[in-house]
Amino acid sequence: GDSVTQMEGPVTLSEEAFLTINCTYTATGYPSLFWYVQYPGEGLQLLLKATKADDKGSNKGFEATYRKETTSFHLEKGSVQVSDSAVYFCALSLRGYQKVTFGIGTKLQVIP
Amino acid sequence: DVKVTQSSRYLVKRTGEKVFLECVQDMDHENMFWYRQDPGLGLRLIYFSYDVKMKEKGDIPEGYSVSREKKERFSLILESASTNQTSMYLCASSLIGRGQGSYNEQFFGPGTRLTVL
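Residue numbers (the working numbering), protein chains in the order written: chain A, 1 to 112; chain B, 1 to 117.
In short, the hints are calculated from the structure, not lab data. Even glycine gets a Cβ: it sits at the ideal position worked out from N, Cα and C. Wrong hints could be hidden among the right ones.
[To be verified] To be clear about the criterion: a stretch of chain B counts as covered by chain A if any three or more of its residues have a C-beta under 8 angstroms from a C-beta of chain A, and this derived list gives those stretches:
#, stretch
1, 45-55
2, 107-113
[What the hints assert, rightly or not] Mimicking DSBU-like on lysine-lysine, the simulated pairs with C-alpha atoms at most 30 angstroms apart in a straight line are:
#, chain 1, residue 1, chain 2, residue 2
3, B, K57, A, K52
4, B, K18, A, K99
5, A, K107, B, K57
6, A, K68, A, K52
7, B, K71, A, K56
8, B, K53, A, K99
9, A, K99, B, K57
10, A, K52, B, K3
Take these sequences, add in the hints, and give me the full structure.
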C-alpha cells in the first residue's frame, strides 16, 4: 500500500540553524506530495505542496523538491526561528482518490 | 478562509458512555474526514465521507461510527467509549479534486482531546 516514512524526532536545533527533515514515500500511482505543519494546540495546516516530479514547493522560507527518482520530498529551511517549533507531517495523495496518507510527524524544537 | 470547527477542545467521558464529536465546515466541501492522532502513530483515518449520507471506512473504524445528514456537518460517534479511545481527534474537509494536476488539500479543525476514564 501507499506509505510515507519520516523520522519522529524530536529534532532540536538552535535558532538560525539549517533544517532538513527527510521524507520518503511509496505509492502505487503518481502522487501529489505535501508538507503540513501543526503548531502547539492547533490542527494541521498545509505548508507547501508539489504535484509533479521536479516541482519545488515553497512557503515561509521552507522548501521541498519532488524527487521521483529517489521517491523523496525532504523539507528544508536555511535559518529556523523559535516560532518554527511545531510538528511537521509529510503526506501524499493519489490523483482521483480523496484520501491523504500521512507520515507519523516530526517534532521540531528550536531553542534560542 | 475555510473554517473547520469542532464542538469541544477537551472532553472527559467514562468507559461505556456514548460520545458524540461534532465537526462543521463552512466552505461547501464535499469531503470530510475523521482522524485520530497518537504519539508515534501519526494520523490514522477513522472514517471519511464524500457526500451527504455517504461514508467509507478508513484504516481504524472499529468502535466508531459516523453520521453525515448535512453537507457541512460530520459527526463521529463512539458507541461505547473505552480507555483505548483516549486520543486527539481531528476533523478535516476538502474539495473533491478534479482534473489533471488537482490536489486534495485538507483543512483541519483544532482537534478534540478526548480522555476516557
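We went through each hint and held it up to the structure:
Requiring three or more residues with a Cβ within less than 8 angstroms of a Cβ of chain A, the coverage given for the stretch 45-55 of chain B holds, as 3 such residues are present. With a cut-off of 8 angstroms between beta carbons, the stretch 107-113 of chain B has 5 residues touching chain A; three or more are needed, and the interface restraint holds. Restraint check: the Cα-Cα separation between K57 (chain B) and K52 (chain A) comes to about 29 angstroms, which is no more than 30 angstroms; the hinted pair holds. Between K18 (chain B) and K99 (chain A) the alpha-carbon distance is near 27 angstroms, which keeps this suggested pair within the 30 angstroms criterion.
Between K107 (chain A) and K57 (chain B), the direct Cα distance comes to roughly 29 angstroms. Compliance with the 30 angstroms bound is thereby established for this hinted pair. For the proposed pair K68 (chain A) and K52 (chain A), the alpha carbon gap of about 8 angstroms is at most 30 angstroms, so the pair holds. Proximity of K71 (chain B) to K56 (chain A) is assessed by CA-CA distance (about 34 angstroms); at most 30 angstroms being required, the pair is judged violated. The hinted pair formed by K53 (chain B) and K99 (chain A) meets the criterion: a straight-line CA distance of about 18 angstroms does not exceed 30 angstroms.
In summary, the hint linking K99 (chain A) to K57 (chain B) is supported, as the alpha carbons are separated by about 11 angstroms, within the 30 angstroms threshold. About 28 angstroms separates the Cα atoms of K52 (chain A) and K3 (chain B), which keeps this hinted pair within 30 angstroms; it holds.
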